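Number of protein chains: 2
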Amino acid sequence: MATLTNRQIRLAARPQGFPKPSDFRLASEPVPAIADGQLLVRVAYLSVDPYMRGRMSDAKSYVKPIPIDGVMGGFAVGKVVESRHPSFAAGSYVGADFGWQEYAVSDGRGLRTIDPEVAPLTTALGVLGMTGMTAYFGLLHVGEAKAGQTVVVSGAAGAVGSVVGQIAKIKGCKVIGSAGTDDKVAHLTGEVGFDAAFNYKTHPDVTAKLRELAPDGVIPLLNVHARVTVCGQISQYNLEKPEFGPRWLHQLIVKRARFEGMLISDFAAHFPEALRDLTGWYREGKLKPGEQVAPGGIEAAPAAFIGMLNGQNLGKQLVQISDA
Amino acid sequence: MATLTNRQIRLAARPQGFPKPSDFRLASEPVPAIADGQLLVRVAYLSVDPYMRGRMSDAKSYVKPIPIDGVMGGFAVGKVVESRHPSFAAGSYVGADFGWQEYAVSDGRGLRTIDPEVAPLTTALGVLGMTGMTAYFGLLHVGEAKAGQTVVVSGAAGAVGSVVGQIAKIKGCKVIGSAGTDDKVAHLTGEVGFDAAFNYKTHPDVTAKLRELAPDGVIPLLNVHARVTVCGQISQYNLEKPEFGPRWLHQLIVKRARFEGMLISDFAAHFPEALRDLTGWYREGKLKPGEQVAPGGIEAAPAAFIGMLNGQNLGKQLVQISDA
Numbered sequence: 001m002a003t004l005t006n007r008q009i010r011l012a013a014r015p016q017g018f019p020k021p022s023d024f025r026l027a028s029e030p031v032p033a034i035a036d037g038q039l040l041v042r043v044a045y046l047s048v049d050p051y052m053r054g055r056m057s058d059a060k061s062y063v064k065p066i067p068i069d070g071v072m073g074g075f076a077v078g079k080v081v082e083s084r085h086p087s088f089a090a091g092s093y094v095g096a097d098f099g100w101q102e103y104a105v106s107d108g109r110g111l112r113t114i115d116p117e118v119a120p121l122t123t124a125l126g127v128l129g130m131t132g133m134t135a136y137f138g139l140l141h142v143g144e145a146k147a148g149q150t151v152v153v154s155g156a157a158g159a160v161g162s163v164v165g166q167i168a169k170i171k172g173c174k175v176i177g178s179a180g181t182d183d184k185v186a187h188l189t190g191e192v193g194f195d196a197a198f199n200y201k202t203h204p205d206v207t208a209k210l211r212e213l214a215p216d217g218v219i220p221l222l223n224v225h226a227r228v229t230v231c232g233q234i235s236q237y238n239l240e241k242p243e244f245g246p247r248w249l250h251q252l253i254v255k256r257a258r259f260e261g262m263l264i265s266d267f268a269a270h271f272p273e274a275l276r277d278l279t280g281w282y283r284e285g286k287l288k289p290g291e292q293v294a295p296g297g298i299e300a301a302p303a304a305f306i307g308m309l310n311g312q313n314l315g316k317q318l319v320q321i322s323d324a
Numbered sequence: 001m002a003t004l005t006n007r008q009i010r011l012a013a014r015p016q017g018f019p020k021p022s023d024f025r026l027a028s029e030p031v032p033a034i035a036d037g038q039l040l041v042r043v044a045y046l047s048v049d050p051y052m053r054g055r056m057s058d059a060k061s062y063v064k065p066i067p068i069d070g071v072m073g074g075f076a077v078g079k080v081v082e083s084r085h086p087s088f089a090a091g092s093y094v095g096a097d098f099g100w101q102e103y104a105v106s107d108g109r110g111l112r113t114i115d116p117e118v119a120p121l122t123t124a125l126g127v128l129g130m131t132g133m134t135a136y137f138g139l140l141h142v143g144e145a146k147a148g149q150t151v152v153v154s155g156a157a158g159a160v161g162s163v164v165g166q167i168a169k170i171k172g173c174k175v176i177g178s179a180g181t182d183d184k185v186a187h188l189t190g191e192v193g194f195d196a197a198f199n200y201k202t203h204p205d206v207t208a209k210l211r212e213l214a215p216d217g218v219i220p221l222l223n224v225h226a227r228v229t230v231c232g233q234i235s236q237y238n239l240e241k242p243e244f245g246p247r248w249l250h251q252l253i254v255k256r257a258r259f260e261g262m263l264i265s266d267f268a269a270h271f272p273e274a275l276r277d278l279t280g281w282y283r284e285g286k287l288k289p290g291e292q293v294a295p296g297g298i299e300a301a302p303a304a305f306i307g308m309l310n311g312q313n314l315g316k317q318l319v320q321i322s323d324a
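In the order they appear, the protein sequences are chains A and B.
Taking this note's numbering, the leading residue of the first sequence gets 1, the next gets one more, and so forth.
Taking this note's numbering, the leading residue of the second sequence gets 1, the next gets one more, and so forth.
Source of the hints: derived by calculation from the structure; they are not laboratory data.
One thing to keep in mind: the hints can contain errors.
Stated by the list, open to error - Derived pair list, reagent style BS3-like, types lysine-lysine, alpha-carbon separation capped at 27 Å:
hint: 1; chain 1: B; residue 1: K286; chain 2: B; residue 2: K174
hint: 2; chain 1: A; residue 1: K255; chain 2: B; residue 2: K64
hint: 3; chain 1: A; residue 1: K241; chain 2: B; residue 2: K255
hint: 4; chain 1: A; residue 1: K241; chain 2: B; residue 2: K174
hint: 5; chain 1: B; residue 1: K209; chain 2: A; residue 2: K255
hint: 6; chain 1: A; residue 1: K241; chain 2: B; residue 2: K201
hint: 7; chain 1: A; residue 1: K241; chain 2: B; residue 2: K286
Fair warning: this is a prediction, and the values are worked out from it, not measured in the lab.
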């Protein structure tokens with residue numbers, strides 16, 4: 001067997017503010033031979049996500065920093081091309097944090113088996129992966145959304161936001177989305193099926209718009225005992241200093257509202273039930289995957305990542321690394 | 001019986017920013033004769049509280065605006081001087097929202113009977129009244145404080161803050177207070193019994209100080225699953241526009257923390273159990289009343305209220321209206 005080359009994207013420099021192409025570098029190394037108990041995966045699709053910006057920084061966060069010249073981390077799915085592991089046969093499909101590279105060696109820990117007969121491989125990174133789980137637990141467990149209530153989703157055209165809106169519709173809620181371009185707004189009220197959406201960057205009076213769309217109350221017209229789930233803050237990730245905004249604590253008091261942060265990892269024990277629900281809705285056609293796949297292989301990953309941070313994606317942003 | 005005169009403080013003008021003496025006016029009217037089913041109370045002590053600033057404004061809030069030339073509202077305690085009500089005998093003591101006036105007529109609704117043998121009359125406005133209840137439910141129900149945890153109290157030398165700290169100590173927590181003068185800091189670590197306190201206005205590095213006092217984590221070093229109860233925002237009440245502050249949502253995510261607003265009225269069903277606990281702690285000497293009583297009668301109420309908004313009080317600010 002000829003020696004395979006593994007091309008990777010490594011962290012060249014810690015970004016100052018917004019990441020730029022020179023913060024990444026393309027590297028190559030030979031694919032190592034696998035030992036007993038290991039398997040080799042050829043990566044097919046890579047997911048690029050906002051949290052990766054945190055890993056590029058060495059500030060304390062909930063994710064460990066990637067060392068300089070380390071391979072960028074990221075969830076991916078691929079095909080087992082060689083296996084000396086009893087549980088994973090060559091030819092099967094798996095997903096894990098394989099990083100930004102064409103090949104990954106695994107000992108099977110943290111590996112998820114994917115059945116492409118159930119749903120396309122890419123969905124394991126989107127609606128049937130962390131994206132879908134975050135939407136599911138954020139909306140239903142932390143947010144406690146119930147039929148008849150109004151759900152307002154900011155960042156609604158992003159990967160998690162568009163799934164939150166769809167699950168909220170499945171659960172019988174009225175769903176309003178805010179997004180930053182008119183195309184996204186049209187996408188939300190069209191294909192994705194939101195009840196209403198608006199462009200928060202250009203709308204002259206967002207409060208009045210929300211009052212019109214959600215006469216029963218919403219932020220800053222929070223209802224009594226409203227719940228606000230905080231699961232991501234992409235607009236803040238590239239700032240050198242935290243932005244300032246209005247103090248909302250008084251609204252919290254008046255409305256006895258709850259703002260609660262979440263990390264999807266805290267819900268690991270409940271992943272199976274979420275995946276069962278999400279898969280069911282997907283197969284019934286109620287939950288659309290909403291993916292955007294960048295072609296161009298591993299070299300295309302930095303641009304896809306930077307574009308996603310700039311809000312250029314509709315739904316889940318993936319990069320195709322090889323043919324599945 | 002000679003006609004009694006009831007002197008009152010009425011709202012003369014809606015304050016622009018900080019209230020000033022000319023926003024109030026002293027008025028007099030005859031005490032009306034009471035009808036069957038009514039009683040007449042001579043007010044002994046009046047409580048002045050931050051929420052009253054909200055009632056002076058006509059902005060939408062959780063309290064109804066006082067009309068221009070209306071009597072200022074406020075909880076007070078006093079003696080029943082005449083009664084045609086079967087449940088309240090002349091000579092007994094009662095508390096309710098009697099307003100800023102010397103006499104009040106009541107039909108008995110919302111009236112609380114106070115036994116001055118159990119605790120001094122003033123405590124019914126402080127540790128054994130709304131102040132104590134707010135501290136109790138905010139700390140134990142919303143904040144879910146448990147033995148061994150660290151409780152940080154801002155506005156710690158105020159009426160609610162100093163009771164929060166004392167209850168937290170009773171429950172076995174470590175208690176850290178922040179306040180705006182060195183005298184308040186000394187009061188907290190001395191008489192009130194906080195473990196530590198600091199002056200947030202003059203300390204050169206509050207984050208470092210908190211890191212030192214609470215090495216196990218605190219705001220902005222929030223612990224994972226930290227709870228922050230938001231029950232009052234006195235520094236914001238006199239602003240014409242909301243102040244801006246750092247965006248904290250990212251900290252909420254990283255720490256899966258919860259900020260939750262509360263209003264004491266939502267806990268009405270549980271008042272009896274809270275009052276039982278608070279009274280027990282008071283009688284065991286574990287909970288100090290921490291009151292500051294302004295002399296000078298009803299005319300002194302505006303200055304006492306303005307002083308309290310300026311943070312001149314230690315603990316609960318009351319005004320003595322008459323001899324009890």
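Verification of the hints:
1. Proposed proximity of B/K286 and B/K174 is supported: the alpha carbons are some 15 Å apart, at most 27 Å.
2. Between A/K255 and B/K64, the direct Cα distance comes to roughly 15 Å. Compliance with the 27 Å bound is thereby established for this hinted pair.
3. For the hint linking A/K241 to B/K255, the alpha-carbon distance of about 19 Å falls within 27 Å, and the restraint holds.
4. This hinted pair does not check out: A/K241 and B/K174 have alpha carbons roughly 32 Å apart, beyond 27 Å.
5. Of the pairs offered as hints, the one joining B/K209 and A/K255 is violated, with about 32 Å between alpha carbons and a cut-off of 27 Å exceeded.
6. A hinted pair counts as satisfied when its Cα atoms are at most 27 Å apart, and A/K241 with B/K201 qualifies at roughly 22 Å.
7. A hinted pair counts as satisfied when its Cα atoms are at most 27 Å apart, and A/K241 with B/K286 does not qualify at roughly 44 Å.
Taken one by one, the earlier hints fail for this structure at numbers 4, 5 and 7, listed in ascending order.
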